[in-house]
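We have chain Y already, so just place chain S on it with the hints.
Read off the chains here:
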Amino acid sequence: MNKKKLLTFLFIASIICFQAQTFDTKNDWLGILKVGIRTQKTQKLYWENGFTVDFTFPKVLNNRLHFGLSYVTTRLGSAIGTNAIKQDNYLLNVGYFFRNQKKLQPFTRLNTGYFYADYESEIFDKLPNAAVLLSLDAGLSYKFKAPITIDLSAGFNLNTGSGSQGPGTLYPIFYQLSVYYIVLKKK
Amino acid sequence: MTHKNILFKSLIILSLFFSACSDSPNIDNLTMLDGNQIFDPSIYNPEKYLVSQAIPIPNATQKNTPVIIAVHGYSATTFEWDEFRTYSDANADILISQVLLGGHGRTYEQFKNATWRDWQDPIMAEYNALREKGYNNISFAGSSTACPLVLDMLQKGKIPNNGMAQIFLIDPIVIPSDKLLTLIGLVGPMLGYFEATNTTAENSYWYRFRPQETLNELMDLIDQVRKELQKGYKLPSGVQMKIYKSIKDDTADAVSAVLIFKGLKNSDGSDIDVEMINSALHVVTRLEGRDTIKQEDRDIQKIVFDDMLTRIRNN
Chain Y
1 MNKKKLLTFL
11 FIASIICFQA
21 QTFDTKNDWL
31 GILKVGIRTQ
41 KTQKLYWENG
51 FTVDFTFPKV
61 LNNRLHFGLS
71 YVTTRLGSAI
81 GTNAIKQDNY
91 LLNVGYFFRN
101 QKKLQPFTRL
111 NTGYFYADYE
121 SEIFDKLPNA
131 AVLLSLDAGL
141 SYKFKAPITI
151 DLSAGFNLNT
161 GSGSQGPGTL
171 YPIFYQLSVY
181 YIVLKKK
Chain S
1 MTHKNILFKS
11 LIILSLFFSA
21 CSDSPNIDNL
31 TMLDGNQIFD
41 PSIYNPEKYL
51 VSQAIPIPNA
61 TQKNTPVIIA
71 VHGYSATTFE
81 WDEFRTYSDA
91 NADILISQVL
101 LGGHGRTYEQ
111 FKNATWRDWQ
121 DPIMAEYNAL
131 REKGYNNISF
141 AGSSTACPLV
151 LDMLQKGKIP
161 NNGMAQIFLI
171 DPIVIPSDKL
181 LTLIGLVGPM
191 LGYFEATNTT
201 AENSYWYRFR
211 PQETLNELMD
221 LIDQVRKELQ
231 KGYKLPSGVQ
241 MKIYKSIKDD
251 TADAVSAVLI
261 FKGLKNSDGS
271 DIDVEMINSA
281 LHVVTRLEGR
291 DTIKQEDRDI
301 QKIVFDDMLT
311 RIRNN
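The listed protein sequences correspond, in order, to chains Y and S.
Mapping of the first sequence onto this note's numbering: residues 1 to 187, in sequence order.
Mapping of the second sequence onto this note's numbering: residues 1 to 315, in sequence order.
Mixed in with the good hints there might be a few duds.
In silico DSSO-like cross-links for lysine-lysine, where the CA-CA straight-line distance does not exceed 30 Å [said to hold, decoys possible]:
hint : chain 1 : residue 1 : chain 2 : residue 2
1    : S       : K156      : S       : K265
2    : S       : K63       : Y       : K86
3    : Y       : K41       : S       : K302
4    : S       : K133      : Y       : K126
5    : Y       : K41       : Y       : K126
6    : Y       : K41       : S       : K234
7    : S       : K156      : Y       : K86
8    : S       : K227      : Y       : K41
9    : S       : K294      : Y       : K86
10   : Y       : K41       : S       : K133
11   : Y       : K59       : Y       : K126
12   : S       : K302      : Y       : K86
13   : S       : K248      : Y       : K126
14   : S       : K294      : Y       : K103
15   : S       : K234      : S       : K133
16   : S       : K265      : S       : K227
17   : S       : K265      : Y       : K41
18   : Y       : K86       : S       : K248
Just so you know, these hints were derived from the structure itself, not from any lab.
In isolation and in its complexed conformation, chain Y is listed as follows (with noise of 0.2 Å):
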C-alpha cells in the first residue's frame, strides 16, 4: 500500500513541478503540456475521479499524437463516505487527435496501466483484486479560447473480471470527461 501512496505522491508532485513552469517556453521538442482534472463514471459501476496530465511532440505527428497520464480512483468518487470498494486505476493514454489546429477534434485512443482494488479483509485474500489494464476509448475534445480543452469519451475496458479470474469490480464500459488547463505551449 505505501507503494500505492509513494507512486501517487510522485505523480502529483510531477504535475505540481510542471505547473511552475512559464507558459510559452522557448523548447522545440515539446509541443502542447496539459494537466488537468478527470471524472469517469463505469457503466453500472462507480465514479472514479482524479487526475490526468496531456503531452504533444511536434515531431511525433506534428501534435497530433497525444501522450497522457490519468489517474482515478473510487476514493476521489463513490468511495467518499461509502462502502464503495475503494480502487486505483494508473494508466497511460497515447492517442490519435483528428483534425489538427481545429478547436473540436474526434480522437480514438488506446489506454493501458493497472488496476488495484482494496478489499480491506483477510477473508477476502483469496480474490483476484489487481490488473492490467487494456482500454480503447474514443470521443470528442474541444479546445477554448482561455487556455482550456475539455475532452469527453466512452470507452471500452477489454480486460474485465469474469467470476472465475480477474478483479470482480473491473467492468467493460466507461465514459469519462477531463478539463485540462495549457501549462506549455510551444510557439
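Frame of chain Y, contents of chain S only:
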C-alpha cells in the same frame, strides 16, 4: 442489379432482422420448464412445500420448531433447495418452506412479465403467514438472486427486531460475473432473449430462455442492492447472518461477498460472518442435475449443510 432490386433485397433483410428480434424462442413443451407442460411441483402441492399450508393450525411444539424459508435464484425453481430438504429431514428436527419466486416455475411468458418485486412477494407472503400462525423461530436460506431480494427486504425494514433467527446467503449476487449484463438495457431489446446452457436434467427446473426484460429486472435489483449496501445498513437485532461464497463463480462474482461484508453489519455494528469456499460452482448446495458431480463438491455441500443446521440448533 437495378436500384429497385437492391431496395427490395434490403427490405427483405431488414424485415427478417426485425422479425428475428421479436421472435419467441423455440420452446419444447415436453422437455422445458418454459413450456405449458412442466411446472414447479409446489404449484400443484403447496402443502408439500410450504409450512404455512402444510400445518393449518400449529401446536405449541410446532410453533417452537425452527422453520427455514428456503428461496431459490433467478430462473430456478424450488428444486434448488430439494437436497437441503432431504438432508435436513434425515439429520435435524426442523421445518422447511420452499418458496417459489413470483413469475418462476411456470411459463416463459409469465417469467417475461414479472418484475423483481413480483419475484420477491412470495417470500414476504410465506414469512408473514408463518408469523401469523405463531412460529417464533424463523430463518432464511437463499441462493443467488434470493439473496439480494432478502437484502432489500432487510434494508426496507420489513423484518422486525427478533423477527428472524438466522439468515444464510449462498453465493449472493450483487456483482454479476458476466459483465456484459451491464449492457442489457442496450442490447436486450435487440436480441429479445438469451439462451442458458442447461443440462438436459436442468431443463425441467430452470428456464432455458431468459427474456431480456427479466435480465433488466435482475440488473435493476442488484444495482439497487449495491447502492443500498454502499450507503450501509444494519441487521435487525436478534438476527444473525452468514454468507457462503464460492471463490470462483461464473454467475455471482465473489466480490459480491465483499460488498455485503462492507455494507451490512450486525445490529451492534460488528461484522457478519463470511466463509469463502474453495469451489468453482455457483450454488454448491445444489448438485443434482449437473453433468459432473465431484466428491469434493459433495463434501463441501455436506459441510455447508451441517454448518447451517448447527447454527439453527445453537440459536
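Hint check results:
1. S/K156 with S/K265: Roughly 15 Å separates the two Cα atoms, so the pair holds.
2. S/K63 with Y/K86: Answer violated: S/K63 to Y/K86 is near 46 Å, above 30 Å.
3. Y/K41 with S/K302: violated, 43 Å
4. S/K133 with Y/K126: Distance of about 44 Å is beyond 30 Å: violated.
5. Y/K41 with Y/K126: With Cα atoms ~27 Å apart, Y/K41 and Y/K126 stay inside 30 Å; holds.
6. Y/K41 with S/K234: holds, 28 Å
7. S/K156 with Y/K86: holds, 26 Å
8. S/K227 with Y/K41: This hinted pair holds, its Cα atoms lying about 15 Å apart.
9. S/K294 with Y/K86: violated, 37 Å
10. Y/K41 with S/K133: Status violated; Cα separation ~49 Å.
11. Y/K59 with Y/K126: violated, 47 Å
12. S/K302 with Y/K86: violated, 35 Å
13. S/K248 with Y/K126: The given pair, whose Cα atoms are some 10 Å apart, holds under the 30 Å limit.
14. S/K294 with Y/K103: Since the Cα atoms of S/K294 and Y/K103 sit roughly 63 Å apart, the hinted pair is violated (cutoff 30 Å).
15. S/K234 with S/K133: holds, 27 Å
16. S/K265 with S/K227: holds, 15 Å
17. S/K265 with Y/K41: Cα-Cα ~28 Å, so holds.
18. Y/K86 with S/K248: Satisfied, since the Cα-Cα distance of roughly 21 Å is no more than 30 Å.
Of the numbered hints stated above, those contradicted by the structure are hints 2, 3, 4, 9, 10, 11, 12 and 14, listed in ascending order.
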